[in-house]
Amino acid sequence: MALVPSYIQRLANYAPGKPVSEAQREFGFEKFIKLASNENPLGPSPKGMEAVQYSLNKLHRYPDSAGYELRAKLAERYNVKKENVILGAGSEGIISTIMRTFLLYDDELISAENSFIGFRVLANASGRRIHWVPMKNYRYNLEAISEKITDYTKIIYIANPDNPMGTIISRDEFDRFYKRVPERVLIILDEAYYEYVQDSPDFLDFPDSMAYRYDNVITLRTFSKAYGLAGVRLGYGFAHHKLIENLMKVKEPFNLHLLHKQQG
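Numbering-wise (numbering that gives the first Met the number 0), the sequence shown opens with residue 0 and increments by one.
Calculated from the structure, these hints are not laboratory results.
Keep in mind the model is a prediction, meaning the values are calculated, not measured.
Treat the hints with care, since some could be wrong.
[Stated by the list, open to error] Straight-line C-alpha distance at most 20 Å; calculated DMTMM-like pairs for lysine to aspartate or glutamate:
{"hint": "1", "residue 1": "LYS153", "residue 2": "ASP106"}
{"hint": "2", "residue 1": "LYS72", "residue 2": "GLU194"}
{"hint": "3", "residue 1": "LYS81", "residue 2": "GLU68"}
{"hint": "4", "residue 1": "LYS135", "residue 2": "GLU112"}
{"hint": "5", "residue 1": "LYS17", "residue 2": "GLU91"}
{"hint": "6", "residue 1": "LYS46", "residue 2": "GLU75"}
{"hint": "7", "residue 1": "LYS153", "residue 2": "GLU194"}
{"hint": "8", "residue 1": "LYS178", "residue 2": "GLU146"}
{"hint": "9", "residue 1": "LYS135", "residue 2": "ASP174"}
{"hint": "10", "residue 1": "LYS80", "residue 2": "ASP174"}
[Claimed, not checked] Cβ-Cβ distance ranges computed for the label pairs, FRET-style:
{"hint": "11", "residue 1": "ILE32", "residue 2": "GLU82", "range": "39 to 45 Å"}
{"hint": "12", "residue 1": "ASP174", "residue 2": "TYR53", "range": "41 to 47 Å"}
{"hint": "13", "residue 1": "ALA143", "residue 2": "ARG170", "range": "18 to 24 Å"}
{"hint": "14", "residue 1": "LEU41", "residue 2": "LEU203", "range": "37 to 43 Å"}
{"hint": "15", "residue 1": "ALA1", "residue 2": "GLY42", "range": "45 to 51 Å"}
{"hint": "16", "residue 1": "ARG60", "residue 2": "TYR177", "range": "18 to 24 Å"}
{"hint": "17", "residue 1": "ASP174", "residue 2": "ASP150", "range": "36 to 42 Å"}
Even glycine gets a Cβ: it sits at the ideal position worked out from N, Cα and C.
Please take these sequences and the hints and turn them into a complete structure.
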């Protein structure tokens, strides 16, 4: 179809984990234990459920487009300014906004070959050239990624801990890598599983990106995993205030509904 760009026509539909109701219809079993989408088996946060009940009588109003209150609370919790925080419909919502904000027509992206499929879907849909670097022993090969940087590189995506491999990049590894990345290149550090490594013996060597405050690093986190709110689709990011300022210009005006922010 002439209206559809060729790179879009070549895309395959994303295949998510099946809902339990669909599996019940397909296989005829009543009980399933769903493991396909890394959803929290303990269920949603009780405080989040209370917040939903509180918000039901306000559903006739549009939400605060800037998400002032939740951004302020996240800023207080992580010791940053509200101007350093952005909200999105999951981490993917923020990644989509990042691509629409910063990518020029000839820009390139780099990431690991078998990392988070959500980034792969959005990167392929951007129509830009992407360098998919093979992993080494199921881990990001940061040296090989740095060797792929060219004058056209704009975004490098790293999931830490990685999804689906579960491996971690250490502080020393990231420090060595960062020194090889030009300031004009944006590094996305997706820390969706950050909470799950806090009790790990490797956590002391985990490169907490909140301590970096680099101008070209944006940290992504989410309420989907540890907080059991995957169905709400609420993610958040931290970055230099100038990056956030421009992301706020491009994001959808009402990209989160009232229940999102109340549950957060």
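Exercise. What are the numbers of the hints the structure violates, in ascending order?
Worked result: The structure conflicts with hints 7, 10, 14, 16 and 17, although it agrees with all the remaining ones.
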